[in-house]
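Each residue of the sequence shown is one higher than the last, beginning at 19 in our numbering.
Derived from the structure by calculation, the hints contain no laboratory data. All figures in this text were calculated on a predicted structure; none of them were measured in a lab. Watch out, some of these pointers could steer you wrong.
Taking CB as the label site, the calculated pair distances span [unchecked claim]:
{"#": "1", "residue 1": "41", "residue 2": "144", "range": "53 to 59 Å"}
{"#": "2", "residue 1": "113", "residue 2": "34", "range": "21 to 27 Å"}
{"#": "3", "residue 1": "231", "residue 2": "59", "range": "56 to 62 Å"}
{"#": "4", "residue 1": "123", "residue 2": "144", "range": "29 to 35 Å"}
{"#": "5", "residue 1": "77", "residue 2": "246", "range": "41 to 47 Å"}
Beta carbons: idealized from backbone N, C-alpha and C, even for Gly.
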Amino acid sequence: MGDGGWRPVKRTRTFEEVLTQIERRIAEDGLTAGDRLPPERRLAEQLGVSRSSVREAMRVLESLGVVSSQVGRGPDAGAVLTSRPETALTDLLRLHLGMAGLELREVIGTRHMIEHWAASHAASAGADTSALAAALSGMDGASTAEEFVEHDTAFHCAIADASGNRLVAAIMRSLRDSMRRYAVEAVERLGDTAILRADHVRILRAVEAGDADEAARAVTEHLAHAYPSLSGH
Numbered sequence: 019m020g021d022g023g024w025r026p027v028k029r030t031r032t033f034e035e036v037l038t039q040i041e042r043r044i045a046e047d048g049l050t051a052g053d054r055l056p057p058e059r060r061l062a063e064q065l066g067v068s069r070s071s072v073r074e075a076m077r078v079l080e081s082l083g084v085v086s087s088q089v090g091r092g093p094d095a096g097a098v099l100t101s102r103p104e105t106a107l108t109d110l111l112r113l114h115l116g117m118a119g120l121e122l123r124e125v126i127g128t129r130h131m132i133e134h135w136a137a138s139h140a141a142s143a144g145a146d147t148s149a150l151a152a153a154l155s156g157m158d159g160a161s162t163a164e165e166f167v168e169h170d171t172a173f174h175c176a177i178a179d180a181s182g183n184r185l186v187a188a189i190m191r192s193l194r195d196s197m198r199r200y201a202v203e204a205v206e207r208l209g210d211t212a213i214l215r216a217d218h219v220r221i222l223r224a225v226e227a228g229d230a231d232e233a234a235r236a237v238t239e240h241l242a243h244a245y246p247s248l249s250g251h
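Take these sequences, add in the hints, and give me the full structure.
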């Protein structure tokens, strides 16, 4: 069988090189969230590529949550850097869960690993627990499973925030957002949220007391209560 019809693959597509250059510019210029990138036309001139290549690169950066869509029109409309990396990760995780590319047990297992670490670090650091207490109050006042899950999510994200690691916090938000539907189903299946509330109080008390081992244990047992069929951490 011959190889007719096959062509050599270019090592780097133009827009990939544009992405690399933009990444370098962000680093070298010390750009941060809220800063605007140069307009599309100027970027194309500076990089010596077509505007369509710049546009394609921008679409990729937007889908990754690195930049927001271009504000306004015309030659001076530059994309703005965003600080929401978890948005794109949430979409990706939800898509994989929906297509059964990821199993729920894998997401729960990852969540356990992250929260186990985060709760331990939050307790060791003597972190502020006001956000945890506020979320707990919200859960007490919830009248539906959806409302309960909203405050439950805030509680667990607050644990990740309290760990002091922003990447862990971003990943935690992505995991919780992507499995929101499953969380609501888990609460409805339990019917009574008393055991979950007791678990949350236990986690809060452990973090307040600075007891890292107890905080980690409390998280492990809480996830086993919420997802009994997936326990086995």
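Each hint, compared with the structure:
1. 41 x 144: 53 to 59 Å: violated (37 Å)
2. 113 x 34: 21 to 27 Å: Holds - the Cβ-Cβ distance for residue 113 and residue 34, about 22 Å, lies within 21 to 27 Å.
3. 231 x 59: 56 to 62 Å: With a Cβ separation near 58 Å, residue 231 and residue 59 satisfy 56 to 62 Å, so the hint holds.
4. 123 x 144: 29 to 35 Å: holds (33 Å)
5. 77 x 246: 41 to 47 Å: 43 Å Cβ-Cβ, so the 41 to 47 Å window holds.
Comparing the model with each numbered hint stated earlier shows that hint 1 is the single one that does not hold.
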